[in-house]
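Chemist: The lines below spell out each chain.
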Amino acid sequence: MRKFIIRRTIAMLLSAIAATIVVFGISRAAGDPLLLYAKPGGYGVSPEQIETLEKKLGLDRPLTVQYVMWLSRVMRGDLGRTLLTETPVSKVVGQKIAATFQLGFAAWVLATVVGIPLGVISAVNRGSPLDYVARIFALLGQAVPSFWLGIMSILLFAVLLGWLPVGTKGLEEGFPLSWTNLKYFVLPSITLGWGAAAGYLRITRSAMLEVLDSEYIRLARAKGVSHRRAIWKHAFKNALLPPLTVSSLLLAGFITGSVVTEQVFAWPGLGRLAVRAVQDNDFPIMTACALIFVGIFVILNFVTDILYAIVDPRIRY
Amino acid sequence: MNETSDPDRNFSLKNVLRGITVFWKLQRQWPIIPALILLILIVTGVFASSIAPYDPIKQNLRLRNAPPSLMQPEFYEEKSPDTQYLLGGDHVGRDIFSRLVHGARISLMLAGVALITGIVVGVSLGLVSGFYGGLVDEIIMRLVDVWFSLPFLLLAMVATIVFGTSFNLVLGLLALLAWSGFVRNVRAEVLTLKERDYVSISRICGASGTRIISRHLLPGVMNTVLVIASLRVGNLILAEASLSFLGAGIPSPTPAWGVMIAEAREYVQVAWWGTVFPGLAILLIVMSLNFLGDWIRDRLDPQLRQQI
Numbered sequence: 001m002r003k004f005i006i007r008r009t010i011a012m013l014l015s016a017i018a019a020t021i022v023v024f025g026i027s028r029a030a031g032d033p034l035l036l037y038a039k040p041g042g043y044g045v046s047p048e049q050i051e052t053l054e055k056k057l058g059l060d061r062p063l064t065v066q067y068v069m070w071l072s073r074v075m076r077g078d079l080g081r082t083l084l085t086e087t088p089v090s091k092v093v094g095q096k097i098a099a100t101f102q103l104g105f106a107a108w109v110l111a112t113v114v115g116i117p118l119g120v121i122s123a124v125n126r127g128s129p130l131d132y133v134a135r136i137f138a139l140l141g142q143a144v145p146s147f148w149l150g151i152m153s154i155l156l157f158a159v160l161l162g163w164l165p166v167g168t169k170g171l172e173e174g175f176p177l178s179w180t181n182l183k184y185f186v187l188p189s190i191t192l193g194w195g196a197a198a199g200y201l202r203i204t205r206s207a208m209l210e211v212l213d214s215e216y217i218r219l220a221r222a223k224g225v226s227h228r229r230a231i232w233k234h235a236f237k238n239a240l241l242p243p244l245t246v247s248s249l250l251l252a253g254f255i256t257g258s259v260v261t262e263q264v265f266a267w268p269g270l271g272r273l274a275v276r277a278v279q280d281n282d283f284p285i286m287t288a289c290a291l292i293f294v295g296i297f298v299i300l301n302f303v304t305d306i307l308y309a310i311v312d313p314r315i316r317y
Numbered sequence: 001m002n003e004t005s006d007p008d009r010n011f012s013l014k015n016v017l018r019g020i021t022v023f024w025k026l027q028r029q030w031p032i033i034p035a036l037i038l039l040i041l042i043v044t045g046v047f048a049s050s051i052a053p054y055d056p057i058k059q060n061l062r063l064r065n066a067p068p069s070l071m072q073p074e075f076y077e078e079k080s081p082d083t084q085y086l087l088g089g090d091h092v093g094r095d096i097f098s099r100l101v102h103g104a105r106i107s108l109m110l111a112g113v114a115l116i117t118g119i120v121v122g123v124s125l126g127l128v129s130g131f132y133g134g135l136v137d138e139i140i141m142r143l144v145d146v147w148f149s150l151p152f153l154l155l156a157m158v159a160t161i162v163f164g165t166s167f168n169l170v171l172g173l174l175a176l177l178a179w180s181g182f183v184r185n186v187r188a189e190v191l192t193l194k195e196r197d198y199v200s201i202s203r204i205c206g207a208s209g210t211r212i213i214s215r216h217l218l219p220g221v222m223n224t225v226l227v228i229a230s231l232r233v234g235n236l237i238l239a240e241a242s243l244s245f246l247g248a249g250i251p252s253p254t255p256a257w258g259v260m261i262a263e264a265r266e267y268v269q270v271a272w273w274g275t276v277f278p279g280l281a282i283l284l285i286v287m288s289l290n291f292l293g294d295w296i297r298d299r300l301d302p303q304l305r306q307q308i
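The listed protein sequences correspond, in order, to chains Z and P. Just so we're aligned, residue 1 is where the first sequence starts under the numbering used here, counting upward by one. Just so we're aligned, residue 1 is where the second sequence starts under the numbering used here, counting upward by one.
Source of the hints: derived by calculation from the structure; they are not laboratory data. Check each hint, because a few of them may be wrong.
[To be verified] Keeping only pairs whose Cα atoms sit at most 25 Å apart, straight-line, the calculated SDA-like set for lysine to any residue is: (1) 25(P) with 126(Z); (2) 25(P) with 183(Z); (3) 3(Z) with 133(P); (4) 25(P) with 230(P); (5) 91(Z) with 162(P); (6) 183(Z) with 268(P).
[Stated by the list, open to error] Just some of the chain Z residues that point at chain P, by a computed CB distance under 7 Å: (7) 26; (8) 158; (9) 162; (10) 164; (11) 290; (12) 295; (13) 297; (14) 300; (15) 304.
[As the list claims (entries may be wrong)] Far from chain P, by Cβ distances over 10 Å, these chain Z residues were calculated: (16) 6; (17) 61; (18) 97; (19) 145; (20) 293; (21) 308.
Treat the numbers as computed from the prediction; the structure is a model and nothing was measured. Beta carbons are placed, not taken as given, at the ideal position from N, Cα and C, and that holds for glycine.
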């Protein structure tokens, strides 16, 4: 087990390094980053000033040195300053990260609680109307563009019916889990979580069908184990592996999805910040957001791998 | 107006019900509805310029947020003026129907080209990786691992800031998204195929590696490739729509569905048709593609069920 963890850790670090190289590479492929600060020949900037700026920013060094310098700055939490307001990026990002985590967590809980049990029920009652409903739920969830789902749900539940707030989560006073605060989460987390719930459902269903067909379930039934116990104790535990394996892919979906969902619901999180950065061409913010998402992504992948190995001791790569 | 008592018409409730049952039985064996929807998509995509009644980019400011003529009673009395838009006008008075039709072409083109590029790159890498093994295999597989652990949308947004939005950039990004899905499964397939007798025999006969790969292994993995491809197209279309929605995809006047939704979003309370129709189009297309993909998988390669 220890060897496995060490190997996965190395793999995780490799992914992280590769990702930072990609981000750094794209940022340099644009051409001279100096152009962001000073356009030669324009705005009355002399060649000497450009040279000084180049020295100051370390842009006269070789690319590999620049990469290491950049990486060490990033590691120390120095993500540069935003182009528009010149405030430190780490500060801007720090204000937004909690909202993204809250939304992501809510959506994940929703997807798990809805998707996995529904998958089991759908498999156990194969061919029944319930199974059809669950499968349509999954088919819709995997095909609906989440931004459109968000807009439609706002139109229906917020504008026409007026049951739920339109968006913008502002934490009000009172108990954090009370309805006054939770109501802001309902529409965004459904928008974000439906696709993942559909993924969980499909995988759980097919895994469950496979397991239910196996010898040991038949044996369990033959020796008189109750229906409920056979399903939840014997079959469900073994059918949990495939959903766990795809968890990392689904979590990837959450990260991409949160960008879109936050944009639709005006959620004050990282994703919205990233979209704003694209609109404003604010490069440092965009890089920082991408880096944070890469970090979350890589860590989640790692945790999933370890969990997978714990649940199934046969897994060792 | 008692239709059921009219003996000349076969339009009785009983016949209709029987027709629906027969159709549904057929539908369960052959995916008729999804295939039909995709056929319509392809036809509209190919013949977009002759189908669309108006120029998709030309603005007619008098018809800003004009409601769909389909909803107006005059439309059915054949006296509507011909400047009425079938599915309504958007916020600058462009015909939504024409934009949808042209958007079909764009989606089709992007998904098609990206998928083909992805197949060529992904399948070749998978074949090489599985057949030669060793260091090559290790490098390619680590590359795929790393690729899977990158958040695509975010990197695409970084790239957009750097290179600016353009059709070609979206195409490239989608191709980058498409290839990685093929490598692992093709490699796994090749690992079992290359132990088969016919491969060993052709090796004994002195066939070169390239020949074995192209003549003996490639046909063997085609089923898997087809299944994965059909399951991936939907994702590509969704990814393109999300990028366009975020303003990081197809640049604005071009009628891509994601752009249409993003632009009509602010007017959703006064003109819901601007957002509803493009969204429905995406939903229908992706659902049909996924449905068809499932069907192909169940026919060709049921073992993939556990993985995708």
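Chemist: Checking each numbered hint in turn, tell me which of them this model violates, lowest number first.
Modeler: 2, 8, 9, 10, 12, 14, 15, 19 and 20
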